[in-house]
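Participant: Listed below, chain by chain, are the residues.
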Amino acid sequence: MAADLNQATDGYSRAEIYALLLRALRGAGVSLGWCQDVAQAVEFAGTDECLSEIAGVLGSDWRVEIAGPSIRGSGLAPIIAGCDCVLAGDAPAQVHGAFSAASAAIVAHRAATAGTSIAVLPDTDGVRLQLGNALLPEASLERFHPEPAVLETLKRFAHLTYVPETEESRQAGAGAGLTDND
Amino acid sequence: MDGSTHLPQHPLRPASDVMRLERLGAMMPTRLSFLRVLMRTLADQNAVVTRPVWDMDANGFGHAVYTLALDERPYSLVAFSQALSDADRSDRVIATAWDAAFVLFDGVPDATEIARLKANAPLQEGGRFGPRDLVLSRANKSVRLFAHVVEALRAGQQPDAQTLRQTGYLMRTTAVYGNGKFGLADRTTYCDRPALSGPFMAEMLAVWLIRAFTVDLAEHLGGRPMERALKRSLGVGNATGLGMAPFLVSHPLLLDAWFSVRETALARVLAQDEISAGKAAELRTQAQMAAEYLDGWKVPDPDAAQVIENLRGEWASFCEELPELTGHGALQTVWDKAQTGSIPLQELTFSWLLEPFGDLVDGLADCLATPFSPVLKPKMICSEVRDLIQSTAPWVLNADFEREEDQAQFWYVSEAKLEPRLGDRQREPGADRETPLDTARQAANLMRDLPDDDTPLWQFLASHPQHRAVAQRMQALPAHPYAEVQCNILGREAAPIHLLRAKLSMFGATGFDPKSRLWTRVTLAKGLPLIDEIGTEAPWLPT
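In order, the protein sequence lines correspond to chains A and B.
If you're matching positions, the first sequence starts at 59 in my numbering and goes up one per residue.
If you're matching positions, the second sequence starts at 59 in my numbering and goes up one per residue.
Because the hints were derived from the structure by calculation, they are not lab data.
Built from N, CA and C at the ideal position, the CB exists for glycine as well.
Honestly, I wouldn't trust all of these hints.
To be verified - Below, a sample of chain A positions facing chain B; criterion: calculated Cβ distance under 8 Å:
#1 L90
#2 W92
#3 I124
#4 L199
#5 Y220
Unchecked claim - Selected chain A positions facing chain B (Cβ under 7 Å, derived; list incomplete):
#6 S89
#7 G147
#8 P222
#9 E225
To be verified - In the BS3-like style, the derived pairs of lysine-lysine whose C-alpha atoms are separated by at most 30 Å in a straight line are:
#10 B:K239 / B:K475
#11 B:K176 / A:K213
#12 A:K213 / B:K475
#13 B:K561 / B:K475
#14 B:K176 / B:K239
#15 A:K213 / B:K239
#16 B:K561 / B:K239
#17 B:K561 / B:K337
#18 B:K561 / B:K356
Same shape as in the complex, but just chain B:
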């Protein structure tokens, strides 16, 4: 997959196990998560962040510009801060105003560009953007924590470390838009620049710079700096709803790339029969870090809290019983032992095992992006397509779409705010305008109509065009086994929160705090190096 393709590796885990919704919903960030990849890129390029503009009034309203160079090109985060009443502060997409708005700009904006962005960025979806605007975002203050920090600093004190760690952020972003939305630059215009070639790199860069802005704003209002360790304990909050979930269904080959990389990384790590004493010590240190992270991971939702509590106990036992890690086959022994525990334990172990082995896995990050979509293979005969579905996607045949339970939910986009939503098919109108995320149902319908003969697929599809999209998805599976979330997304029990967890883990989010089965809060960039600490160690998990 990268330049070191001849590294030994174990067989990859089968997609039937990896792509289960339950497992996706237990994923943890890894050193291949996009924020970690960004930190390595910044370090490799010796990036230096400056803040050439800080034009804020005494109330913290105004604008600021942060600039850095990557691949010898400058990029700037332009941040706007404005007054917002409590009544208008909503994390939903339906909001129309925010405490702050941001644009990641391709270059260094002059006064004319800043004026243009000032007129548009606070409008967010109501604004228009251009080919030099890479990312658009907005954020709301975490009101109580922001006030606590400002009041403490004004009183000549430092904010309470425990309070900071518990909330974890001064502002929450509620959307981070890229790739052409609202006129922003197409990803294809910058994806050949090495620093931004990975998935969501521009978006992650924006988020990491927004984190710096939130701290600077609090220090501006507080009148003195915060201690460095306290600043590092803060990230950027994010409220993530359903909008993120359809992406995983509508980008099957990208999904395959992400999971192929992750699984290859694990396979390389497990292929080591022996590891050095140094690596073993690092594993033990990281195990302790994970325990501290779990201790600090408190959420109000009782079900989620119970899962975390169980994992805390399982992890403690698991670590107590770790064998001598330098022995023959020790990593495989550890991995096998994790398989006897819960799925959350397995996923935590997965992330932990990767952590000391950057030399084996970091190069795989080059394979996280793909520009491709499924392509129809028109020559394949219909009976072959039937065999292919039965052998590579048996999960699509498990549901019975005559049963109410198996198509209880439908995805749609609301007319008022163009916001993805989930409806109850039996109770709510709109199923006739359903968003076609129903891969399992489409595939089941294809199997129903597909003749078991040697008709070329393209001829069948000419008279059955309703099956064209899913046919090419199914054809992609032999070469891209991780391309599909293996679940009937319409089923009553299919909780979107699991899809959010998977994607956010790929970003590198921590502190999952689910608020329902439809949305969650998380923290991004917590614990990562500050803008004047590029090149220092980026920890696996914040503690």
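Next up, chain A with everything else stripped away, as it sits in the complex:
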């Protein structure tokens, strides 16, 4: 039996949550690059609240619409594109929609990997991102303690990336025999 994440007594490691998120996002049909951006961001700076938010947007269609500095869309794609826009140096980006804990983690991670800081300012119907004027973010080492229902949702989507076993795959897919006495 695989480990049951609900049995954790000491929380979940950040690497473990990274792997679960990456798989859950892939299972939800999110493009790999966005999956990596989100999973790396949560591993770097995310909180339990992030996991709840991400679990809530797994079923949605992630997309981005860009009109000049104005960025709209769904899922966490707009905040990722907003960071791209700012880090490309084009201009401050206006990202429409709610700015969530997961959004904050994404901004922190992108800023840290770029070796800069990104300021997040309130704006009409969302936030404005611009370079500088914020502390360089640091990685969190805290363990996660997500709600069981959130974990179940993440696991359900992650499960969609697994391939059901056949006797052939069990015997041949990994190459080795089933018993090993020498």
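Please arrange chain B on chain A, whose structure you already have, making use of the hints.
Facilitator: Relative to the frame of chain A, chain B by itself:
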């Protein structure tokens, strides 16, 4: 790359040569392999291993604790031994029980911690672990050799040296988990401790201590100690399957760090126009050691046996024709001569040339780790990305993904045991849930869609997010040329065993014994100092 960056060095070998699958599949351990790095760290820190707990019954079942201090912090290997029927003894991840289970613990565990680990460690993937548990592993006995050793010791004799050397281990680990798996400590929580900062250092420390446990257990059951030389001839076996291969694809910048270090080491060695008589003598001694190692390297697989046999012959000829090694440009001459031979000969020569020159290469070990992943450069324009791929990754354009042959295989994770597996796309279901290790295909698809104009990449990716992951991988290549295994991993001829050989060589594994194109047995820590021999010489290859 380290504090002595101004050492002269030759140009590095190009990634197009180094990162070929065929070459990776011929790699040999070097003095930069992680186990060797660990041995130097233990020696530098004057580490002392103790065994404060040995609670084993007459059948060898119970638990033990081994403890040592590094960076003035204690670490403990907690080992559990239990009864296991022959029918349950499997090296596959699908197994559910093992002869022994291990946890490398951050500190010295008290009775409560040991009880917690006792309840979880034997369950392995079914257990839960915490932030003080650094590494989780398990092992099965090599039944015949273990029985031979115990019977010999009980009879008042020593086990047969040749039999020991041939198998090389009393137990095989079948997984060594770290970095947060199943709740273990994240690597980020201990990677700033100097002794554990290198890649897989905690895992290697666990393996080296497990080796001590396997010998102690045999001596416990045999009722008397083994001779020291015999103990040293034993390592820890390892059965490695597909699970190890995806790691190399999913950690491109770490791969680049490993190979940049190796290639820089060679470049520094070859930059010496002359070497001393002492170094020349050491090279000749190591050449003889390699010959002895090759003589003892016997495997049942006929194809692998033939490769080893050919290498044995090539190495003998190569050594016979070695020039005077103290002459001007001798090392370059030797290296050039190796290039006229097979790839296995070239890779053996590579490892051999590094061996006497710890003063030039050991400091590079500090550069083997990296916390980074590829980062998108959003400002780059699309035409520049196209040029970059064509100039730094032409190999991604070689495959034709309309051809069945070029995407014959697909990687996936099985639902039942979450085990990486390889499927046949034409015959097996599941390709719609393929694990995205297909860097070449992704890059080819990116090239198909990428406009040859000045659109900023980030704007293109907003409407083509399916290309985001591979775009940033490709952007990393100019600064990280060794980041990619330069092959189409989906192609029918792409054998995963080559990836396993590369990673295991980085660990310092010896005695590669491939069982198919999908998995291999190896030995770890064979020939290395025992736990009461820290500071003594760690040989390049076990003989």
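Participant: When you check the alpha-carbon spacing of A:K213 and B:K475, does it fall within 30 Å?
Facilitator: holds, 14 Å
Participant: Please work out if B:K176 and A:K213 have their alpha carbons no farther apart than 30 Å.
Facilitator: Status holds; Cα separation ~27 Å.
Participant: Quickly compare the C-alpha distance for A:K213 and B:K239 to 30 Å and report which way the hint goes.
Facilitator: holds, 15 Å
Participant: Would you check whether A:L90 satisfies its interface hint, that is, whether its CB is within less than 8 Å of any CB in chain B?
Facilitator: holds, 4 Å
Participant: May I ask you to test the interface hint for A:S89 with respect to chain B, counting a Cβ-Cβ separation under 7 Å as satisfied?
Facilitator: holds, 4 Å
Participant: Hinted pair, alpha-carbon criterion (30 Å max): B:K239, B:K475. Please report holds or violated.
Facilitator: holds, 14 Å
Participant: Checking one constraint from the list: CA of B:K561 to CA of B:K475, max 30 Å. Satisfied?
Facilitator: holds, 23 Å
Participant: Is the hinted pair B:K561 and B:K356 satisfied, with a Cα-Cα distance of at most 30 Å?
Facilitator: Distance ~21 Å between B:K561 and B:K356 Cα, so the pair holds.
Participant: So, as I understand it, the hint says A:W92 touches chain B; can you test that by seeing if any CB pair is closer than 8 Å?
Facilitator: holds, 6 Å
Participant: Given the proposed pairing of B:K176 with B:K239, does the C-alpha separation stay at or below 30 Å?
Facilitator: It holds: about 18 Å lies between the C-alpha atoms, which stays within 30 Å.
Participant: Interface hint check: A:I124, Cβ to nearest Cβ on chain B, cutoff 8 Å. Holds or violated?
Facilitator: Holds. Min distance 6 Å.
Participant: Verify the interface restraint on A:L199: the C-beta must sit less than 8 Å from at least one C-beta of chain B.
Facilitator: holds, 6 Å
Going down the numbered hints, you'll see the structure goes against just number 9.
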